[in-house]
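Asks: Sequence:
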Amino acid sequence: MNPVPSPALAAGSYHLGNDLTVIRLGFGSMQLTGPGVWGDPKDPDEAVRVLRRAVDLGVNFVDTADSYGPMVAEPLIRKALHPYSDGLVIATKAGLTRQGPDQWLPVGRPEYLRQQAEMSLRNLGLDRIDLFQLHRIDPHVPVEEQIGVLKELQEEGKIRHIGLSEVSIEDVEVATQVAAIVSVQNMFNLADRAAEPLLDYATEHGIGFIPWFPLATGRLAEGDGPLAALAEQHGASPAQLALAWLLKRSSAMLPIPGTSSVAHLEENVRAADIELSDAEFDILSQAAL
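Numbering-wise, the sequence shown is residues 1 to 289 according to the UniProt record's numbering.
No lab work stands behind these hints, which were simulated from the structure alone. Check before you lean on any hint, since a few could be wrong.
Subject to a maximum C-alpha distance of 20 Å in a straight line, what follows is the list of computed EDC-like cross-link-like pairs (lysine to aspartate or glutamate) [said to hold, decoys possible]:
1. LYS158 <-> ASP127
2. LYS79 <-> GLU46
3. LYS158 <-> GLU145
4. LYS79 <-> ASP56
5. LYS158 <-> GLU204
6. LYS158 <-> GLU173
7. LYS79 <-> ASP45
8. LYS248 <-> ASP224
Restraint-style ranges between C-beta atoms, simulated for each label pair [claimed, not checked]:
9. ASP40 <-> GLN233: 35 to 43 Å
10. GLU232 <-> PRO75: 38 to 46 Å
11. GLY235 <-> PRO197: 28 to 36 Å
12. GLU46 <-> ASP127: 24 to 32 Å
13. GLY206 <-> ALA279: 28 to 36 Å
14. ASP224 <-> GLU275: 23 to 31 Å
15. HIS15 <-> ALA194: 20 to 28 Å
16. ASP127 <-> ALA229: 34 to 42 Å
All C-beta atoms, glycine included, are put in the ideal place defined by N, C-alpha and C.
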């Protein structure tokens, strides 16, 4: 039998925390849940197929959170992928509670974060979580206390590395006074680059940058837009070019496009093969300003 091709490998790799080698094109599990990131997926069997196919395609970095469902995405990952293959990195998050579809409320009390870390270990079937991210900084709890409990969990061997989500450079600098931060996860895409200063900071300081909502392209993907034109030249979709642009933007960039469809997953992963010239990269960069 011929080996399963691994097109994701073309994206290259990144050393997260200097000791975890992840393929730079990962998979985000949020869309595997129901509408509004609430409840079970419409097709649970397809969700399992998507996760297994992602690994078949060479993806070794899967991002999830306790709040996806809530407590839906993590058990799906365990069902699909456990026992986990060597080198597969599961990243999860805690710090957002759910009150209903599309409703999110940050809670960063240390006892809550500890409880959710323990639950994630159980739901994922892990003895240690490779990357545990604070999903949001709770403005009502000192940052030092929120990061402090993650540091305690790290010292206990329950999590390997600590990351942050939706933060500023100042937030990262405060957090690093308590513990080493190996990743940040902020919204970033070709059409919305508000987090660009944080991206540059992360790249300079050896911190992985995980852009969520990476496929947003806005007007650039319209029929007469530059993204659509370049996509046609490459025989690719606008979404594939948007991912190719992200991968070229920074060596620390770790896109995690998510989907509930195997066909869409395969299309996303093929973006790793697209090489934008410097001129094409500049055209897209300038067009989005």
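Asks: Which numbered hints are broken by the structure, listed smallest first?
Replies: Those not satisfied are hints 5, 6, 8 and 16.
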